[in-house]
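**Student:** Could you put the whole structure together from the sequences, leaning on the hints where they help?
So the protein sequences, as listed, match chains P and X.
For what it's worth, this note's numbering labels the leading residue of the first sequence as 1, then goes sequentially.
For what it's worth, this note's numbering labels the leading residue of the second sequence as 1001, then goes sequentially.
Check each hint, because a few of them may be wrong.
Quick list of in silico lysine to any residue cross-link-like pairs, SDA-like style, CA-CA up to 20 Å [stated by the list, open to error]: (1) K1073/X to L263/P; (2) K1133/X to L263/P; (3) K1133/X to W90/P.
Read the hints as simulated data drawn from the structure, not as lab findings.
In case you want the letters, here they are:
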Amino acid sequence: MRLFVSGLRKLVRRPASWVTLGLLVGLLVLILIAVGGTASDRVNATREAAAKDLVTFPGAYSRVLQFITGLGGLFAVIYGAAIAGSEWSWGTLKSSVARGESRVRYILISYVSVAVMIGFGLLITFAAGVIAATVGAHLANVSTSGLGDTATLGGLPERLLKGWFAIVEEGALGFTIATLARSQLAGIGVGIAFYFGESFATIFLPDIVRYLPFSVANAALATTSSGTGGGVLGGGVTDVLPPDQALLLVGVWLVGALVVAALFADRAEIAG
Amino acid sequence: MSGTAGLALATRGLRKNYGSRHALDGLNLSVPMGVVYGFLGPNGAGKTTTMRVLTGLVRPDGGTVEVLGKPFKRGDRHRLFDVGALVESPTFYPYLSARANLRELAASGAPVPSKRIEELLDLVGLCDRANDKVQGYSMGMKQRLGIAAALLSDPKLLLLDEPANGLDPAGIVAMRDTLRALAAQGKTVFISSHLLAEVQVMADVVGIIAAGKLVREGPLKELLSMQGVVKVRVRPNLVDAAIKTLQPLAAADRLIESDREEGWLAVHVSADRAEDVNQQLAGAGIFASGLESGTDLEMLFLELTGGQAVGGEGTFVGLGAPTNGSATTGKETAA
Ligand SMILES: Nc1ncnc2c1ncn2[C@@H]1O[C@H](COP(=O)(O)OP(=O)(O)O)[C@@H](O)[C@H]1O
Ligand SMILES: [Mg+2]
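**Tutor:** Pasting the structure below:
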């Protein structure tokens, strides 16, 4: 518990946490308000309808969530890698191990703190997105009556939870990659490469890639009403797994990544 | 492990390789309880590697370690709850203050009462700057904070790896006083250094390591007083005659060692008898072309650190030998 509270405190005070959250919230708010504000200026009716659709509730709830799980996944990879990598780059893991701390406990609890931070970030970004979409709707002269749509609201907790789970899995990948690389910069670099590499590989190896961590994270979030996100590069992924199966694989990747990170840290020679 | 009773720290046959490099090659350390132990060695001798093994950062390839009277093996991390360490360089979260860094570090390992942090900030003289981010700290300030971090759980055994690095003279004096006070309380302080002078002023017991092996170990006083040596250089063809002449001067149980090719002879007498040695030789019609005196410890350490006391061309002077003017460290050269 001591270690968990400390881990959380370290993350809350860390500028990288706020920069990441700020970027995500900033982009989302900017897009929604800009789109809402310019919806009526569109050249043709189709585009105007599309712009208005973005800020129209209850559909706007899904769009906000999709944005967060898409770009947020990439941000989580970078964030996870930064947190794990800096323990090696700064040598702070060394100090705790020399104090008799368990390496496995230290690594796992570090990531639990990251997962909790991701949860806070998700909620904050979602709330900011909903507010921005409401503002956008006003700017676009769209009714906000859909805000209270009970069916959508009722489904939100589950979708937020699944979104959190998927982002946490993506963050764990970055966390583990940086642990193996024992470096913040290398971890972030390789993490980003993996993230985009997987999207590109879909073109050539769709039947394999659909089982890979970022694809299953996206597939797990697919709902019947809206298509899948497909990451930052955008959907079009045809061979996605059914959501339930994908969700299970998200769990497998999450646990697998953390086990690898913990085992590696346990065996690693800290001689840097 | 045999013969380790009463020791705060003991290693037997400790080995550690990095790839094909033997960093530790059968190290046997015996560190008594309640002393300041100076762990001396030139750069690359294996001091940091020893510290890493003792803190469970790396695993040895052979040998045994006992910490505070109990075996220390893989998985015995709880033994480290009684140990405080500063290994190689202090490490912190740059975006946190000194106070916050100590607080977060205290969340791992042995529990630490929160007032301990304030005491330590005061002890290392960082109270005024305790709320500043560590990224703005000078090297010496980080080193002070590293020493505070090592003291967090009020350890029975303190391991400090070259802690004087980056400290200003006042910081070094303060550290020395702190370490002496800890030893007076019965704590054991194991401190590494590549400078004999630094260790000489605070250690009770000294161990010298070179190439991963222990080459001398014992109470500092004994090593300094018993191991006086005067070295003279004569013409190589006169070495035998010189040995005969000087043998009566040498300590009863010690032979004269010589390097025939170079013509250097080491006579084990107290360092202030250099004149007697010279006179004895001259009396026998042999004239020295070089004369050096000091303690064996100094000579040994200088040799190890590249000072080449034996066979060197007057390189003894000014090579990091102590400048505190203690009686046992007199030195002179003649060419
Ligand atoms: N991480 C490492 N990888 C490879 N070799 C190392 C590593 N750390 C130390 N060494 C080597 O081990 C030997 C002992 O180094 P070290 O213990 O750091 O010496 P000291 O602290 O006495 O200067 C040196 O030859 C050094 O080059
Ligand atoms: Mg070293």
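**Student:** For a C-alpha distance cap of 20 Å, please report whether K1133/X and W90/P respect it.
**Tutor:** Answer holds: K1133/X to W90/P is near 14 Å, not above 20 Å.
**Student:** CA of K1073/X to CA of L263/P, is that 20 Å or under?
**Tutor:** holds (18 Å)
**Student:** If you draw a straight line from the CA of K1133/X to the CA of L263/P, is it 20 Å or shorter?
**Tutor:** violated (33 Å)
Violated hints amount to a single one, hint 2; each of the other numbered hints is respected by the structure.
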